[in-house]
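Visitor: Those protein sequence lines, which keep their order, are chains A and B. With this note's numbering, letter number 95 in the first sequence gets 95, and the count goes up by one each step, no holes. With this note's numbering, letter number 329 in the second sequence gets 716, and the count goes up by one each step, no holes.
Don't read these hints as lab results, they were simulated from the structure. Bear in mind the structure is a predicted one, so any value in this text is a computation, not a measurement. Where is the CB? At the ideal position from N, CA and C, for every residue including glycine. Heads up, some of the hints might be wrong.
To be verified - Computed Cβ-Cβ distance ranges for the label pairs, DEER-style:
hint : chain 1 : residue 1 : chain 2 : residue 2 : range
1    : A       : Val221    : B       : Trp434    : 17 to 23 Å
2    : B       : Arg739    : A       : Ala37     : 54 to 60 Å
3    : A       : Gln380    : B       : Asn608    : 27 to 33 Å
4    : A       : Lys17     : B       : Asp650    : 30 to 36 Å
5    : A       : Glu286    : B       : Arg641    : 47 to 53 Å
6    : A       : Ala248    : B       : Trp434    : 25 to 31 Å
7    : A       : Gln384    : B       : Phe712    : 50 to 56 Å
8    : B       : Arg739    : A       : Phe131    : 25 to 31 Å
9    : B       : Arg579    : A       : Val368    : 21 to 27 Å
10   : A       : Glu152    : B       : Arg641    : 53 to 59 Å
11   : A       : Lys278    : B       : Ser637    : 22 to 28 Å
Spelled out, the chains give:
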Amino acid sequence: MAHLRAAEEREASAAVKFLAWLGRVLIAVVIPLIAFAVIYYGFIFLRDSNAPKWVTAAVAIVWGVGGIAILFWVFNGIVERLPDEWTERLQPFVFVGPAMAILAWYLVLPSLRTFYLSLFGRDGPPRDIGFFQTFSSDAFVGFQNYVAVFSERLLTEALRNNLMWIVFGSTLSVAFGLLVAVLADRSKFERVAKSLIFLPMAISFVGASVIWNFMYELRPVDQPQIGLLNALLVNLGGKPVLWDKWVAISPWNNLFLILIVIWLQAGFAMVLFSAALKGIPEEILEAARVDGATEIQVFFRIMIPYIMGTIITVWTTVVIFTLKIFDIVWVMTGGQYGTHVIATQFYRQSFTARNSGYGAAIAIVLLVTVIPVMIYNLRQFRQQEAF
Amino acid sequence: MKKRKWTGPLLVNGSLLLLVIVWSIPTAGLLISSFRTRFDIQTSGWWNVFPHKEWETVKTVDVKELGLNPDEVMEVEGAKGTFKELRAGVEAPDGKTRVTWVGNKRLGRIEVQKKKWAVTWDFSLDNYKQVLLGSEVEVTKPDGTVEVTPGQDMSQAFLNSLAVSIPSTVIPILIAAFAAYAFAWMDFPGRRLMFILVIGLLVVPLQIALVPILRDYKALNLNGTFLAIWLAHTGFGLALATYLLFNYISTLPRETLESAFIDGASHFTVFTRLILPLSVPALASFAIFQFLWVWNDYLVALTFLGTDPTFKVVTQRLADMTGTFGNDWHLLTAGAFVTMILPLIVFFSLQRYFVRGLLAGSVKG
């Protein structure tokens, strides 16, 4: 009898478990869905109304933000009215569900879908047949798009340029950032200097492109040069040049685009290094100096090893940034003059040339290149015992 | 710090000053240019607003008075040259005087110029009016001709940028704060796995999602709406937001929360009444981050807002202008500053939080 009852209980608890899971999944999916539907229909209504533009914009902001807050509140209210044990089971999913659903919709599933797309020709998989049948259709090309990525001239050029971006862009950003951080640390004008070097961080890549286009501006030789760099060149007796659009020196004209990202990112590196340098105990530095170490020795033998962790973090962050670089190239040269990079080729293939399979393959290549960093991050997380 | 040689600080401050100047010049040039007139921008470098030496005509003489013969080499005020050379302007060997023949051979006059200190200070707000209000501007050139140039209606794009950026900042924070709280203070199956997912997604390039999401939006008839771009920015910013907020929320003192639970408060109450107010620094850090990121974004807007000019944001508008008005620097410089003004204000007023966010996001342990 006793063990029968135990089996019954197990069965009951299995049912409860199943119900709990069902509830959790429902909550995770239903909240975002309802939120989406409510906001969506509000928007259609707004779009069809003829209210003045700024009124629509203001209502849209309130509608979007307020709608989501209210949904959290309503769903939490419902879950809290359930029996206590059910509240305990379901409430975490009211909190964490929407975030997970959105991440799944916007990053996890797209990665799989893009990979799927990358196995097909320019028009993607045929739509009127089943999922498994698409693999035997004519549109299925296997890994041909990937072969093309690594063999076509335009793409290999983009890969080479990206390598230049990574090598020069990240190294010089880190070097300048470190230089400024060390100098500012010893200066009385630390705050002002750091603010001014940091300032480009607030400027968009498009804005920075305009700024540097203006620096590189070229006028015919018989007119005064209004771009600073060419004016300097002419003043020194040289001829004005095209800088980033200078095909004759290709691929080195890429450096003039990379310069922009160094100008933007050095401030970021500086801020992190500055904080790290302040973390070095003063006693260590003093002890070295008392022992007769020169400032250069102190820098290379103590400071650099001490902040090595930060240097690696900053370096990887800047590498990821330069890997995805798009706006600067797109606005400055549009990829002409031998300046295409992976991200501009991705955009061109996906949206201009409308070759979805090829574009998808480029995106997957981009994803694969960041996987080492992803693994590193996960390792770091595992080593922490706090979670 | 005992006695140090005086060269040390000088070297440090000197190099720092040099770097700061080099770093600031590009922005300064743009800002100054945006206030100069169209004509000035086209004909002289922006650095002419600083005192510099410029040729200035000090006297004009009729050629007959000087009794010059234009068919041979002539000498005026120490400058020698043929008629052709004088027409182009000849400098005297001492470099202080320049002589130019103005007009034809018979009825010409000689202008004698000396180098003098000068500044070109003709500032106006016309460029901004043109860029913001979209009004046509009449420009009277020095030679008397009037030129009408079309303006750019960037004020609409500015409003659009606000309508995109504010919800795209608030929505991910709200959703991420709930998730971060659950990760930090609630126990549930799959918690560890989900958090590993968040960390893994931190570095995934958003390019991976553009085409599939665009297809979803097409199916849902969402393309070109603000909702589409809010959700996209939410999706792309959520991993970092959750991670940053978790790092902060999980370090809040446990006792505070436990006493609240003992008093019978629910998770929801604790979250809204206790955690959110305590997390303001972290929320602000991420908000600034996300706001700057969204405001300055170009790729996501380009993909999801499409080509309808009524929905374009400032970065799109500015990028369009570089394509169509590539040489109209009076429009581009002012336009660029219109796009930069709000981020710069946010940046300078909230720099402290921004830096804190950077530190929390990138340097750990």
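Visitor: Each hint needs a verdict: does it hold in this structure or not?
Guide: Evaluated hints:
| no. | hint | verdict |
| --- | --- | --- |
| 1 | A:Val221 with B:Trp434: 17 to 23 Å | holds (19 Å) |
| 2 | B:Arg739 with A:Ala37: 54 to 60 Å | violated (40 Å) |
| 3 | A:Gln380 with B:Asn608: 27 to 33 Å | violated (42 Å) |
| 4 | A:Lys17 with B:Asp650: 30 to 36 Å | holds (32 Å) |
| 5 | A:Glu286 with B:Arg641: 47 to 53 Å | violated (38 Å) |
| 6 | A:Ala248 with B:Trp434: 25 to 31 Å | holds (28 Å) |
| 7 | A:Gln384 with B:Phe712: 50 to 56 Å | holds (52 Å) |
| 8 | B:Arg739 with A:Phe131: 25 to 31 Å | violated (52 Å) |
| 9 | B:Arg579 with A:Val368: 21 to 27 Å | holds (26 Å) |
| 10 | A:Glu152 with B:Arg641: 53 to 59 Å | holds (57 Å) |
| 11 | A:Lys278 with B:Ser637: 22 to 28 Å | holds (25 Å) |
Of the numbered hints listed earlier, those contradicted by the structure are 2, 3, 5 and 8.
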